[in-house]
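Visitor: Those protein sequences? They're chains W and Y, same order as listed.
By our numbering, the letter at position 39 of the first sequence is numbered 39, and the numbering carries on one by one without gaps.
Every number in our numbering is 1000 more than the matching position in the second sequence, counting from 1.
These are computed hints drawn from the structure, not numbers from a lab.
Every residue gets a Cβ at the ideal spot worked out from N, C-alpha and C, and that includes glycine.
There could be a bad hint or two in this list.
Cross-link-like lysine-lysine pairs, in silico, DSSO-like; alpha carbons within 30 Å at most [what the hints assert, rightly or not]: (1) Y:Lys1109 with W:Lys68; (2) W:Lys68 with Y:Lys1042; (3) W:Lys68 with W:Lys78; (4) W:Lys78 with Y:Lys1079; (5) W:Lys68 with Y:Lys1079.
Not the full set, but computed from the structure, chain Y residues with beta-carbon under 10 Å of chain W [claimed, not checked]: (6) Arg1001; (7) Gln1006; (8) Gln1038; (9) Pro1044; (10) Leu1046; (11) Tyr1070; (12) Lys1079; (13) Leu1080; (14) Ser1083; (15) Thr1104.
For the chain W half of the interface with chain Y, some residues (derived, Cβ under 7 Å), not all of them [unchecked claim]: (16) Glu14; (17) Gly16; (18) Glu18; (19) Gly42; (20) Phe65; (21) Gly111.
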Amino acid sequence: DAGVIQSPRHEVTEMGQEVTLRCKPISGHDYLFWYRQTMMRGLELLIYFNNNVPIDDSGMPEDRFSAKMPNASFSTLKIQPSEPRDSAVYFCASTAPDRGLGTGELFFGEGSRLTVL
Amino acid sequence: RKEVEQDPGPFNVPEGATVAFNCTYSNSASQSFFWYRQDCRKEPKLLMSVYSSGNEDGRFTAQLNRASQYISLLIRDSKLSDSATYLCVVNIRTGGGNKLTFGTGTQLKVEL
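Chain W with its partners taken away, still in its complex shape (with noise of 0.2 Å):
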């Protein structure tokens, strides 16, 4: 089976400019996380979804940024305008209903490596 996809693997780009990452979450599960991990900061939980519904937004940092889930099977993270201190790997992760996060059992994506020069 498929796991977590997420597109582009590696971003460059200059600062003020936009940036899309995005996700494929697995079939079938309804929990969609967006997660930033620098090495200051570790990871940190930027937003997840259930169902497609924003459940908990309060790690979005600023109006920069903005994520949506028009669908069950598809996520975008964006950040507009980037600046240098976006520079992180942005996971996206989900989880199936029948897990939930009581078993604390996320499946990542391989993680979009962002560079904003």
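Since the structure of chain W is provided, determine the placement of chain Y on it from the hints.
Guide: Just chain Y now, kept in the frame of chain W:
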């Protein structure tokens, strides 16, 4: 204070050694606890859950002390392949639902 705190390491140990990692959490309403493993430049993967009574999975033992808000992971007879970063994870109930919060990780290097 961070919600989940870990010693970043690195822990450099010889093959065959026993090594222990600790983790503390600040929210007493935390409900469930886990250890994840992350290899260099890879995604995190669930290693094991942590149960109140303690639990083992082969060479790995996890323990929870709710009174002290403390979680541990013990690795016996460490292998070269155990070299990775170990992330402590806590499930916290918030107003918006449940939230899995990750520590920044403890790096382990197992050497010949």
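Visitor: Is the interface hint for glycine 16 of chain W satisfied, with its Cβ closer than 7 Å to some Cβ of chain Y?
Guide: violated (28 Å)
Visitor: Can we keep the leucine 1046 of chain Y interface hint, with Cβ of chain W closer than 10 Å?
Guide: holds (5 Å)
Visitor: Does the CB of serine 1083 of chain Y sit less than 10 Å away from some CB of chain W?
Guide: Not OK, violated: serine 1083 of chain Y not within 10 Å of chain W, min 18 Å.
Visitor: When the nearest CB of chain W is found for tyrosine 1070 of chain Y, is that gap smaller than 10 Å?
Guide: violated (18 Å)
Visitor: Min Cβ distance, glutamate 18 of chain W to chain Y: is it shorter than 7 Å?
Guide: violated (25 Å)
Visitor: With chain W as the partner, please determine if arginine 1001 of chain Y meets the hint condition of a C-beta pair closer than 10 Å.
Guide: violated (15 Å)
Visitor: At a threshold of 10 Å, is the proposed contact between threonine 1104 of chain Y and chain W supported by beta-carbon distances?
Guide: holds (3 Å)
Visitor: Is the interface hint satisfied for glutamate 14 of chain W? The criterion is a beta-carbon contact with chain Y at less than 7 Å.
Guide: violated (24 Å)
Visitor: Would the pair lysine 68 of chain W and lysine 78 of chain W pass a check requiring their Cα atoms to be no farther apart than 30 Å?
Guide: holds (9 Å)
Visitor: CA of lysine 1109 of chain Y to CA of lysine 68 of chain W, is that 30 Å or under?
Guide: violated (39 Å)
Visitor: So, as I understand it, the hint says leucine 1080 of chain Y touches chain W; can you test that by seeing if any CB pair is closer than 10 Å?
Guide: violated (23 Å)
Visitor: Holds or violated: lysine 68 of chain W with lysine 1042 of chain Y, Cα cutoff 30 Å?
Guide: This hinted pair holds, its Cα atoms lying about 25 Å apart.
Of the numbered hints stated above, those contradicted by the structure are hints 1, 4, 5, 6, 11, 12, 13, 14, 16, 17, 18, 20, listed in ascending order.
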